[in-house]
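Student: Residue numbers (numbering that gives the first Met the number 0), protein chains in the order written: chain U, 0 to 246; chain W, 0 to 247.
Think of the hints as simulated: they come from the structure by calculation, not from any bench.
Predicted, not measured: the structure shown is a model, and the values here were computed from it.
Glycine residues also receive a C-beta, built at the ideal position from the N, C-alpha and C atoms.
Be aware that a few hints might be false.
[Stated by the list, open to error] Think about it this way: if two alpha-carbon atoms lie no more than 20 Å apart in a straight line, the pair counts; the simulated EDC-like pairs of lysine to aspartate or glutamate are:
hint, chain 1, residue 1, chain 2, residue 2
1, W, Lys-118, U, Glu-93
2, W, Lys-119, U, Glu-77
3, W, Lys-119, U, Glu-93
4, W, Lys-119, U, Glu-225
[Unchecked claim] Covered stretches of chain W (in silico footprint by chain U; criterion: 3 or more residues with CB under 8 Å from a CB of chain U, positions within the stretch not fixed):
hint, segment
5, 108-115
6, 119-131
7, 177-191
8, 199-205
9, 210-224
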Amino acid sequence: MNLTLKIWRQSGPDDRGDFATYDVRDISDDMSFLEMLDVLNEDLIGKGQEPVAFDSDCREGICGTCGLMISGQAHGPEVTTTCQLHMRSFSDGETITVEPWRASSFPVLRDLVVDRSAFDRIIQSGGYISVNTGAAPEAHSVPVPKANADRAFDTATCIGCGACVAACPNASGMLFMGAKIAHLGELPQGQPERDSRVVSMVNQHDAEGFGGCTNIGECAAACPKEIPLDVINQLNKDFRKAKKGAH
Amino acid sequence: MRSNLQAVAISTLPAKRAKRTGKTGSSVYLKTVMAVTGIIFVLYVLAHMYGNLKLFAGHAAYNEYAEGLRTLGTPELPRHGFLTIMEIVLGVSVVLHIYAAVTLWKRSKTARPQRYAVKKTVVQSFSSKWMRWGGLALLLFIIWHLIEFTLFKVNVGSGGQGAQVTQDPFELVVHTFDTWWMTLIYLVAMAALLMHLHHGVWSASQTLGLAGTPAARRYWKLAGLAIGVIVAVGFIVPPLFILFGVIK
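The following block holds chain U by itself, in its conformation from the complex (with noise of 0.2 Å):
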């Protein structure tokens, strides 16, 4: 297939920025987004032009690295990531705007590359547990009921890519946030920190900020990992909780 780009371009942090329009033929339909960019790369290279930046690693959506707004979509039409998404969900002779995330807390460094080290400080604000290193504790020692350990284990698969900052209106990262605080929360290491981590973790949101959570939805929907709006629920609830206490 025959596709029209439309690519934001922007060399560094300080540079405006604006649109350059692509022509990139004979596309196959069984291509990922992201070869399709290599293509027009390739072609751009060939003409020693520029090649587009943008960021990818493991391809096979599961680091999280790669994350595109493609014509208003985070990750476009598919519910996956980027690197996932076919060439078969468009149609020959369509045009495709290409995004990058659009946060003040996800600065663009370049082309269609952010900087999403605001997640990283979040989660360093709070997002772990504190153990002893050494031997690995026996694991039949903490129970833990299988539906709190289903519930931790399907919001641990959130692999921090932004989608949920680029699809919300208010670019809040409060489903990012609530899968943390919902995997730690649902698991019994997770207890001693509960209180400290979420107050701790709100207020590096709001530092680096990122606008609040108004409930509309749009996170959930683009989540390539489907994390639930629930998530958002329990951040709201173990906040609460925790600032009736000692935080």
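Given the coordinates of chain U, work out where chain W should sit on it, guided by the hints.
Tutor: Relative to chain U, chain W alone:
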């Protein structure tokens, strides 16, 4: 232990230092303020709607109800005491609700200074898109509504400004809504209220931690729609009956 942690991500930008936003500045706290004050408004509009439906009981019964509100709790409370307490609670709630909304609105604007050239919404409800501007419209409506029925008792309809109209609750209501454009204003305002309640009730449940499962989420979204429809219909039926001459 935490102070020894180094940033693991490679960044070309300097790391931002975390500053404590404090309890009252936290976005989750502001959301909670929105939710709690919102619940006060929901309870109030339900009671107000019930009172309005007394219009169907006739002139005497409606005025008796209005007088009953002024003497509620007497002799322990002074005349109008209950209403004054309610007015203070509602007034403080309005200020807090607006303060939290404006603060969060500003944060959202600064959180995404550059908008998308193309943005599709997938699940966002029509009601939720209108929370902010619709809320502002409701504020303007409420100011007019208070001028009209509480502060100055203005009759814009037939019957003039005589005390026999403005000081008689039933007469003031009937003379207001037999004017077609007044009823139209209220119709628009109730549509705005329906949408505000539709998203607001669900949103409050999520903020207060009541929607913890997919089933509870569906339940609260439905509850928001139901409360919105009940309140809007309950409020608009008496004015329509007045406009079409059933209540006079």
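Student: None of the hints should be skipped; say for each whether it holds.
Tutor: Here is what the structure says about each hint:
With a C-alpha separation of about 16 Å, the suggested pairing of Lys-118 of chain W with Glu-93 of chain U holds against the 20 Å cut-off. Pair hint Lys-119 of chain W plus Glu-77 of chain U holds up; C-alpha atoms about 13 Å apart against a cutoff of 20 Å. Of the supplied pair hints, the one linking Lys-119 of chain W and Glu-93 of chain U holds, its CA atoms being roughly 16 Å apart against a limit of 20 Å. For the hint pairing Lys-119 of chain W with Glu-225 of chain U, the CA-to-CA distance comes to about 18 Å; that is within 20 Å, so the pair holds.
Taking a C-beta to C-beta cut-off of 8 Å, the segment 108-115 of chain W contributes 7 residues in contact with chain U, enough for the three needed, and the coverage statement holds. Here the segment 119-131 of chain W counts 8 residues with a CB under 8 Å from a CB of chain U, which clears the bar of 3, and the coverage holds. Three residues within the 8 Å Cβ limit are the bar, and the segment 177-191 of chain W against chain U gives 0, so the coverage statement is violated. Coverage of the segment 199-205 of chain W by chain U holds [criterion: at least 3 residues with CB-CB distance below 8 Å; count 3].
Counting residues of the segment 210-224 of chain W whose C-beta lies closer than 8 Å to any C-beta of chain U gives 6; at least three are required, and the coverage claim holds.
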